[in-house]
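Q: Now for the letters of each chain:
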Amino acid sequence: MVPVEYYLVLSAAVFSIGLYGLLTRENALFFLMSVELMLNAANINFIAFSAQWGNLTGQTFSLFVMALAAAEVAVGIGIILVLYRNFKDVDVTVPQEMRW
Amino acid sequence: MAGAFDYALAIAVLPFLSFCLAVGVALSGRDLLPKGGALPGIAATGGSLLLSAWVFLTVSGGETYNETFYTWAAGEAATGSLSEPLTLSFGMLLDPLSAMMLLIVSLVALLVHVFSLGYMNDEGETGLPRYYAGLGLFTASMLGFVLADNLLMAFMFFELVGLCSYLLIGFWFRREGPPSAAKKAFLVTRFGDYFFLIGVVAVFATFGTAKFAGEHSFPRIAEHALAGEATVNTFLGLEPAAWFTVIGLLVLGGVIGKSAQFPLHTWLPDAMEGPTPVSALIHAATMVAAGVYLVARMYGFYALSPTALAIIALVGAFTALFAASMGLVKDEIKQVLAYSTISQYGYIMLGLGAGGYVAGTFHLLTHAFFKALLFLGAGSVIIAMHHNEDMWEMGGLKERMPVTYYTFLAGSLALAGIVPFAGFWSKDEVLYEALVHGLGTTSGLGTALLVAYGMGLLAVLFTGFYTFRMVMLTFHGEPRSETAREAAEGGWNVKLPLIVLGILATTVGLVNMTPVADLTGMHDIELLNMWLSGAPESVSVEQYHHLLEEFGGIHAADVPSYLAGGLSLALALVGAGSAYVLYGGADPEPHTEKLGSLRGVLYNNYYQDEYQVWLAENVVLPLSKVADVFDQAVVDGVVNGVSSVSLFGGSRLKRVQDGLVTHYAAMLTLGLTVLLVGFAVYGGWF
Amino acid sequence: MLIETLIGFAFVAALVTFLVPDEVAGRVGAALSVVPLVGTLWLWAQFDGSGNALTGGTLAFETKFDLLTLSGYQVQWFTGLDGISLPLVVLTAFLTTLAIVSAWTPIDSRQSQFYGLMLFMEANLLGMFTALDFFMWFVFWEATLLPMYFLIGVWGGPRRKYAAIKFFVYTNVASLLMFVGFIALTFGGLGDSIDTLSLPAVAMALEAGGNVGSFMGLGPEALKLVAFLAMFVGFAVKVPVAPLHTWLPDAHVEAPTPASVMLAGVLLKMGTYAMLRFNFTMLPDIASDLAILIAALGAFSVIYGAILALAQEDLKRIVAYSSVSSMGYVLLGLVAFTEFGVAGATFQMIAHGLISGLMFMAVGVIYNTTHTRMVGDMSGLADRMPVTVGILIAGAFGYMGLPLMAGFAGEYFIFVGSFHSTVIPSAPLFTAVAMFGIVIVAGYLLLAMQRTLFGPFSLDADYEVGRAPFHDVAPLAVLLLAVIALGVKPDLFLDMILNAIAPLVGGGA
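Chains as they are written, first to last, in the numbering used here: chain A, 1 to 100; chain B, 101 to 786; chain C, 787 to 1295.
Worth flagging that the hints you see were computed from the coordinates, not collected in a lab.
Remember, predicted model here, so these are calculated numbers, not experimental data.
For glycine and all other residues, C-beta sits at the position ideal for the given N, C-alpha and C.
Please note that the accuracy of each hint is not assured.
What the hints assert, rightly or not - On the chain B side, residues computed to face chain A include the following (Cβ under 7 angstroms):
| no. | residue |
| --- | --- |
| 1 | 749 |
| 2 | 753 |
| 3 | 757 |
| 4 | 758 |
| 5 | 760 |
| 6 | 766 |
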């Protein structure tokens, strides 16, 4: 059996990639993808620990997370479409009106 | 059996009812009552007078009354430093002193009501229901004050009397002067009452009771405490004797305010802005008398403290001299009378302070009548002069208004202290008491009394002079103005009170002719002395003598009273005679002008008003303005500062929310990291 | 259930008034407010409580049932009256009705909302004075702020927004402080020794002594001290005690007259009432330790407020500052821990409620006709509106402590009580200093009266000045009669107050 540490390293790597993308990219679609990566990093953790402890709750949760991710993508894409319609661009640094 | 005492409460209630009636009429705004409400007032004060007389007769039969009739507030437990629960109650104390005072007050009140018919109604004043309401409430309060059996009740009615004085002085509120004078009168007396109120509170806290008479009364408890037979609370680490002196002086604050003694006398001359009958009732015969009456009422307490007695005597004598000197140069008839009032109350204080309880009370009695007479006489003159009060515009009124002249003359002789008019006997007795006790007492009190005697004696000279200067200028010589030439005397409602008071001012002194008694050895003609001796033990003359000797250390030297009396009579005659010489001519000159700058000082009342006004306007008001600025700038400034800092901080901090999603994400991450590090450190992961 | 019925009725009345058309709202509101008034008078007549509500006395009209459990604490619906709260409840209902009537003239827009808010405030005030469980009490306590915020913010003067926000934020921050103090004391200090936050339970647990544990590194005594200070400061803002008073003049000046009446008449009493209930009943030992400080604050408030009143030109500001002054006496009386001190303080709450209500109303009537409140703008009003001015003069003398009016009774009881206090060191000196307030109050009121009411008539505006309408003057007259009645016969309330405060006397000693 693969030790749980390996999974954790993998998940940390995936999470960091997602975080990096979130912090550096300016394209909204990349944002969405980065968030997906981070969510999946969490999923890996859930499943790894689920396997480790032989408890199914973790796997159930990962299903929830997937559903949540799907919903989020649906809303996210919608927002991006509106963004594009308003600004002719999907650059997140362009819209700055929602402040103060 | 229903005796006089069962109806005694009605003495005060009757005028109160007339007040209620007059207020109702005033509120209705219509002319519902004939004579603007004067008749109910006359009926009520007449009723009070009859009842007072009945009470007087009953008291002279040897009966007295000292009962509580209403419990205002009663505590349930002994708390703080008290050893028994407090009870604050209203009661009546009917003894010779209060019976005498009731008679004075109700008689003068009745006469003033009658006189007002001439002074107010016949002159066509408006707002008469308000005027009679004020008179009614005043009479009721004053009578309530006289009836009071304890210090708290006395204080309460004392204050109500002050309110009435405010309302009546400010009767002509549409002018500038009267409201200002009314304010001043209330405020200055309130300043004195502040000390009085502390005194009342202190009496309760010290003795647990404020009753004037009886075994369980505060003067009695104080006496026992000084004799070591009882213990009382004292405060601020003082010995009983010292603490009692403090209490006595605190209460004296109220007395000085109400009886217009130095340095709180400044309100009284201004109070002459009120209608003249009001001046007669309030500022001569009754309200001002309330102060000294209070000293007489709790004389058993003052007799315990030589220091308090010395201060009373000195304040009184100084005021007598001080006020008399200002009276020398006044041009307005009511101003002369105002200063003579202050001066005469100084004598009463001197008498009481010198251990002459009977003497002080005697002068209170005679002064009430002759000063009411003089004020009403002045009122009669003022009616005739169409409200011109300047004596230099008068002259020669003697022929035109004979009743006023002769009664006024009787009053003036009494005021100046010329034998055999009332004032002679009483003033002489006051001075005599000061002299014999001053000579007989060895302590500092004796010296104080001698000094006071000297001042009092000098004031006799002044009194004679200003009194007859006033008489000469007003009634003698040639008329000095058109109005004076055409002056005419008022109707019966003016003359009747004058005649009644004139007779009293002439004769009332005969009730206590001590010099005659000394000369003839017939001591049973000292009626007042005997009358006041008939009081219950705790408030009797004998008790006071005992206390004065035992605790006050006062002893009498053996000086024949007729010698002292002769001396003061001689001085009075010199004063009156010189006034006659200087002003008796057909067209007198303003001789006081020759005094030069001294006249300026006297005419301006030693700048007493100026410094008090200066204190108010240049110290208190600026202080309050500074406090206001401080409050707005500093106290509120801190509050507003806190809000400004919050707003400013918020306005800066909100710039973090710059709308850039990337920055939000970065902050999120940063926050997470900080939290993780925090947990790691505190959780001991490292 | 009488109390609940009254509170519930007041809420319903508020809603009904909110919904009726503006033209009739004033009449409807007044009519509806009569019901709680009659109800509280009935409570007064039927009052059969004895002792203090917080120290195991017998409550009148008690209702108690469990609402829910929060982390081991029972939250209860718990109401009842004792001799301290009953007079305040009567005062609330009485002033609300009069204030509503006095609003008929000045309030000329959004009437239904105005009267609805007044009734809503009454409901919350009744709840606040009757509640004996901390949670409910706190909810009512906070909920009274809302209507007052809107009353000032919507119907107020030119600077109404500033005043309303200042009022709300200041008192709300204070409430927060108080809340933290109380919770620290009960959760932290008393811990498991109580299972409910009903005020009697807390008070009795504290009285039993030794129950208070350590919390957050504070020992029992330190915790009690901190809790005391937090609660004291929290309530002191409401009273208000100088120097925490600056919201009051602004709020009064901007508030419409009826709101001022309620603010001065009842809302300020919330502070002293809560102080009495919390600080002085629950932690008398700390209060006794701090007596010299509290007495000094009381005396300072009296003199400072009075001196500030002397400098004001706006009639409402004068009365507002004098409220600071008068409430200072209450503080002095409470900390004296003598029978007449504490009872006098409670009595003074009622007396000042009536008299300050009267003064604000009278000033309001003058403002209705002259459209100015500035002392320098007018003179000789007595000539034009004699009845109003007459009542104003009577009220002013009541404020100055004229005997046989309620103000004198309250102040005199306090003076007597604090003079012989054994809790305040050098009590006579503090009393004497505070008493000087009666001279200054006479000074500024007489001065203002002389300038505005007397002398020849003049007005720096072109309004027609005539007699005020009957429904403006009637509430004044009613209030004046109440003030005189209480002054002549303080036993109307004093008996039950004495009975209720008896267990508190003596302080921690």
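Q: Take the hints in turn and mark each one as holding or not.
A: Verification of the supplied hints:
no. : hint : result
1   : 749  : violated (14 angstroms)
2   : 753  : violated (11 angstroms)
3   : 757  : holds (5 angstroms)
4   : 758  : holds (5 angstroms)
5   : 760  : holds (6 angstroms)
6   : 766  : holds (6 angstroms)
In summary, the numbered hints that this structure violates are 1 and 2.
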